[in-house]
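Engineer: So the sequences go chain by chain: A and B. Positions 1 to 167 (our numbering) are the ones given, in order, by the first sequence. Positions 1 to 705 (our numbering) are the ones given, in order, by the second sequence.
Simulated from the structure, these hints should not be mistaken for lab results. Ideal placement from N, C-alpha and C gives every residue a C-beta, glycine not left out. Don't take each hint at face value.
Some chain B residues judged to face chain A by a derived CB distance under 10 Å, without partners named [said to hold, decoys possible]:
#1 E326
#2 I329
#3 R337
#4 V664
Capping the alpha-carbon separation at 30 Å, the derived lysine-lysine pairs in DSBU-like fashion look like this [what the hints assert, rightly or not]:
#5 B/K339 / B/K351
#6 B/K127 / B/K475
#7 B/K161 / B/K127
#8 B/K655 / A/K86
#9 A/K82 / A/K27
#10 B/K530 / A/K97
#11 B/K443 / A/K97
#12 B/K167 / B/K127
#13 B/K437 / B/K477
#14 B/K376 / B/K127
#15 B/K475 / B/K570
#16 B/K475 / B/K443
#17 A/K151 / B/K443
#18 B/K161 / B/K230
#19 B/K475 / B/K527
#20 B/K437 / A/K97
#21 B/K316 / B/K392
#22 A/K82 / B/K655
#23 B/K477 / A/K97
#24 B/K410 / A/K97
#25 B/K570 / A/K97
#26 B/K392 / B/K443
#27 B/K339 / B/K410
#28 B/K527 / A/K151
#29 A/K82 / B/K570
#30 B/K200 / A/K97
#31 B/K230 / B/K477
#32 A/K86 / B/K570
#33 B/K396 / B/K443
#34 B/K689 / B/K655
#35 A/K151 / B/K655
From the structure, some residues in chain A lie toward chain B, with a derived Cβ separation under 10 Å [as the list claims (entries may be wrong)]:
#36 E45
#37 I49
#38 P50
#39 S52
#40 K56
So the chains spell out like this:
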Amino acid sequence: MENNEIEVLEGASLSSNQQFLTFLVNKSIYAVNIMNVMEIRGWCETTRIPNSAIYKRGVINLRGFIIPIFDLKARFVGELTKANEKNVVIVMSVRDKTIGILVDAVSDILTVEADEIKTDPHHSNEKEVDAFVDGLISHDGKMVITLDISKIFAEITREENALSDVK
Amino acid sequence: MSGFDQFKEVFITEAYELLDEMEQKLLAIDVDEPDNEEINAIFRCAHSIKGGAGAFGFSRLIAFTHVAEFLLDAIRNHQIALTRDIIDALLESVDVISAFLASAQSGEEAVEGIEDELKASLENLNKVNGNDVVEEEDEYGIFDEAALDEVFASNKRVVRKFSIFFKPEKDLFLSGNEPLFIIKELSRLGEMEYKTDISKLPSLEGLDPLECYISWNISITTDQDISRIKEVFEFVEGECQLDIELLEELQDNSVATAVDDEAAFGLFDDEPAPVKVEVTPKGQGVVSKPLVEKAIGNKNSGKAPAVSSLRVDIDKIDKMVNMVGEIVITQAMIMQRLKEVPAEYSESLNKGIDELSRYTRDLQEAVMSVRMQPVKSVFSRLPRIVRDISKKLGKKVNIIMQGESTEIDKTVIEQLADPLVHMIRNSVDHGIESPQKRLEKGKPEEGTIVLSADNSGGRILIEIKDDGAGINREKVKQIAIEKGIIAEDANISNEEIDLLIFAPGFSTAAEVTDVSGRGVGMDVVRKNIKDLGGDFEVDNRPGEGLTFLISLPLTLAILDGMIIAVGQEKYIIPINSIIETMQVSRSEINNVKGNDSVINVRGEFIPLVSLSAIFDVQNTAEESSKLLVVLVEYARNKLGIIVDELLGQQQVVIKNLEENSDPVEGISGATILGDGNVSLILDIAQISKMQAANKRALGIDKKVA
Chain A
1 MENNEIEVLE GASLSSNQQF LTFLVNKSIY AVNIMNVMEI RGWCETTRIP
51 NSAIYKRGVI NLRGFIIPIF DLKARFVGEL TKANEKNVVI VMSVRDKTIG
101 ILVDAVSDIL TVEADEIKTD PHHSNEKEVD AFVDGLISHD GKMVITLDIS
151 KIFAEITREE NALSDVK
Chain B
1 MSGFDQFKEV FITEAYELLD EMEQKLLAID VDEPDNEEIN AIFRCAHSIK
51 GGAGAFGFSR LIAFTHVAEF LLDAIRNHQI ALTRDIIDAL LESVDVISAF
101 LASAQSGEEA VEGIEDELKA SLENLNKVNG NDVVEEEDEY GIFDEAALDE
151 VFASNKRVVR KFSIFFKPEK DLFLSGNEPL FIIKELSRLG EMEYKTDISK
201 LPSLEGLDPL ECYISWNISI TTDQDISRIK EVFEFVEGEC QLDIELLEEL
251 QDNSVATAVD DEAAFGLFDD EPAPVKVEVT PKGQGVVSKP LVEKAIGNKN
301 SGKAPAVSSL RVDIDKIDKM VNMVGEIVIT QAMIMQRLKE VPAEYSESLN
351 KGIDELSRYT RDLQEAVMSV RMQPVKSVFS RLPRIVRDIS KKLGKKVNII
401 MQGESTEIDK TVIEQLADPL VHMIRNSVDH GIESPQKRLE KGKPEEGTIV
451 LSADNSGGRI LIEIKDDGAG INREKVKQIA IEKGIIAEDA NISNEEIDLL
501 IFAPGFSTAA EVTDVSGRGV GMDVVRKNIK DLGGDFEVDN RPGEGLTFLI
551 SLPLTLAILD GMIIAVGQEK YIIPINSIIE TMQVSRSEIN NVKGNDSVIN
601 VRGEFIPLVS LSAIFDVQNT AEESSKLLVV LVEYARNKLG IIVDELLGQQ
651 QVVIKNLEEN SDPVEGISGA TILGDGNVSL ILDIAQISKM QAANKRALGI
701 DKKVA
């Protein structure tokens, strides 16, 4: 066990260990694989994209690149995050694209063994979330939902197109 | 990259260039009366490719090129007469060589046997004409003899010896001419000796310094011809007695002594060593030979020919473009901050900033111009395609190209190639009729496709015009119904039918040929053009021909934009598309049938579109009695856009929105403003369509307007 921890500290991904960044959205804890996370930054005003779904908060300037920001709360429960400077944007790389997700706060980094991740996808409180759940981790007696961001992203784009069609 | 690889890269790039040249020359050549110089040029291309290939041991390429070269050699020596078949075979061999080069570049072995068939037919062409290919025994090495021959060939020139008698009129000086300059210039043409005749020189007291009394007998050995010598005396023609006589003409291996014309007119800053003339009383002046040689030698060996172009990796240029983009943004940022500075401090700073922005603009233009390329680089591929397809289909098609030197951004050019090829294929395949049909219709047997490029209002217009059958609207509509693209009872206008050919999956060809007709094509073409920020128009005159008009932005990187505000949001309208801005009072707006508003601008009715409506913007000032309208133009149509405020003009760097996000209707891209915020750039053509679509959704017929 000690050996395993040393490997993780060195950031090596040789073992079956995986690291997750956990964060809060609407009082639930979610996690994303840290390999997708590029940076974490404070919330700043976005430029609205006309005729887009409500959870697409707009675009921001990330050092010369224009990236879209998605509001996870709006996606999960249909209610906009009342964003202020305490909110956090997690910038992630998903399928060659760079996107930002707006969350309430980031909390921790978890290192877990692959077999600690349960893959039963029907255990979250929010129905909307189920489709994006990758697995579940039990941590300090709490349930952490790991999200498959590429799924969310595909979902977001697809649904958005459908929405604008309806409009 | 090792040194060897680097040489290989150079070889391959050059070989491609030679190949291009070869292809173009082959296409241009007149079969019945081939110009010997042209055939030589083609031969040299093949020969140089072979020579280079030898150095790198591309044995299959060498063996193949050798056969082609052998054929060309026989043609240039008039052992074989040039025929259309030979040109066809040679053109095909251009393709094969190109395939070899591609495999040499990737480091993979070319597909087995791609050259066999053609090689056999080339050999056959050789044999039929009694010209057996001699196998080359030469071991190619870096110092390939053939290649060296090539190098020396340029020095092996015909040398001629002329005698010149030059006797200026007495009043030559009055016209500002100076015989010394003429003789100096003559001396640059070759080895010169001369005698000065001063026998007519009067004694000092009888001498009028304004008159010329001297004449010269000159003999010169040069590789230039008589016209070049006459050129030297061009300015004194009619003011002198001039006899030029060719004494002898011989082959000479010694270093030719020509100096190019430009040099002779003083583009090089160093003056040639002065010609030293020793005048004896009875005028026996001989230019000392070593001096002349030295003067000329300097010209030949001392200076390499002026470098007029430079190969630069495109990545480096892109990096520069990006940096300039960042400078533009940073500068906008500084300007923004400056507004917050008290006036007493900002004045001098403003001056500095103004200057800086002028330089930035110049810099940006300079960098962009590096990326600009003449459309010729795409256009030049098309005659070959027209030729091949028309031959395959038994049609006669002539392609005329205009405005090939129009310049356009390199990225645009690259992405323009495929759509153009496709449209040209379509024109030849579907547009131009067979010769019999054309004759029946009273058209000339040979169809014509005119491809032209033109610069207009910050955009590039490319027109592809054929005099073929045009789009058969009945047939197109029928097919579209069959394929379920439109409903059977759809009531659509002629223009809309014309646009159906761009629908995905549409194909008019009754059967799929290998030329076109797979139904993937025109929709892709349209998409490519759209992706480039271009517009597309079709002008269909059934029976007479079809014209595609493509309008493209000059550059994809930076544009001049007008920042406008609607509610709390800022958008950018490209300045190029703005005609004017005006205040319109509500009473001036005519409502045609419900929601369709138009305004009358000097007798022209222009539809209005409200940004706040199509973009669903909150808190706008639209309720006020006066409206601010920005009049824009796109592809010959006009549109008035209602905005709240004009915030000013600024250069903006176009950022791709779709890199990380989905395309947004009505938006062509985004940029970063001086305050670091993102602002969206309007796509005028799409906005007008959104407005039209809005109305159709409301059940209003737009044609009334």
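Engineer: For every hint, state whether the structure bears it out.
Structural biologist: Status of the hints after comparison with the structure:
no. : hint            : in the structure
1   : E326            : 6 Å, holds
2   : I329            : 8 Å, holds
3   : R337            : 16 Å, violated
4   : V664            : 5 Å, holds
5   : B/K339 / B/K351 : 13 Å, holds
6   : B/K127 / B/K475 : 51 Å, violated
7   : B/K161 / B/K127 : 43 Å, violated
8   : B/K655 / A/K86  : 29 Å, holds
9   : A/K82 / A/K27   : 14 Å, holds
10  : B/K530 / A/K97  : 22 Å, holds
11  : B/K443 / A/K97  : 54 Å, violated
12  : B/K167 / B/K127 : 60 Å, violated
13  : B/K437 / B/K477 : 23 Å, holds
14  : B/K376 / B/K127 : 38 Å, violated
15  : B/K475 / B/K570 : 47 Å, violated
16  : B/K475 / B/K443 : 22 Å, holds
17  : A/K151 / B/K443 : 60 Å, violated
18  : B/K161 / B/K230 : 14 Å, holds
19  : B/K475 / B/K527 : 24 Å, holds
20  : B/K437 / A/K97  : 54 Å, violated
21  : B/K316 / B/K392 : 43 Å, violated
22  : A/K82 / B/K655  : 29 Å, holds
23  : B/K477 / A/K97  : 41 Å, violated
24  : B/K410 / A/K97  : 25 Å, holds
25  : B/K570 / A/K97  : 25 Å, holds
26  : B/K392 / B/K443 : 21 Å, holds
27  : B/K339 / B/K410 : 38 Å, violated
28  : B/K527 / A/K151 : 27 Å, holds
29  : A/K82 / B/K570  : 22 Å, holds
30  : B/K200 / A/K97  : 90 Å, violated
31  : B/K230 / B/K477 : 69 Å, violated
32  : A/K86 / B/K570  : 26 Å, holds
33  : B/K396 / B/K443 : 12 Å, holds
34  : B/K689 / B/K655 : 23 Å, holds
35  : A/K151 / B/K655 : 26 Å, holds
36  : E45             : 7 Å, holds
37  : I49             : 5 Å, holds
38  : P50             : 4 Å, holds
39  : S52             : 7 Å, holds
40  : K56             : 8 Å, holds
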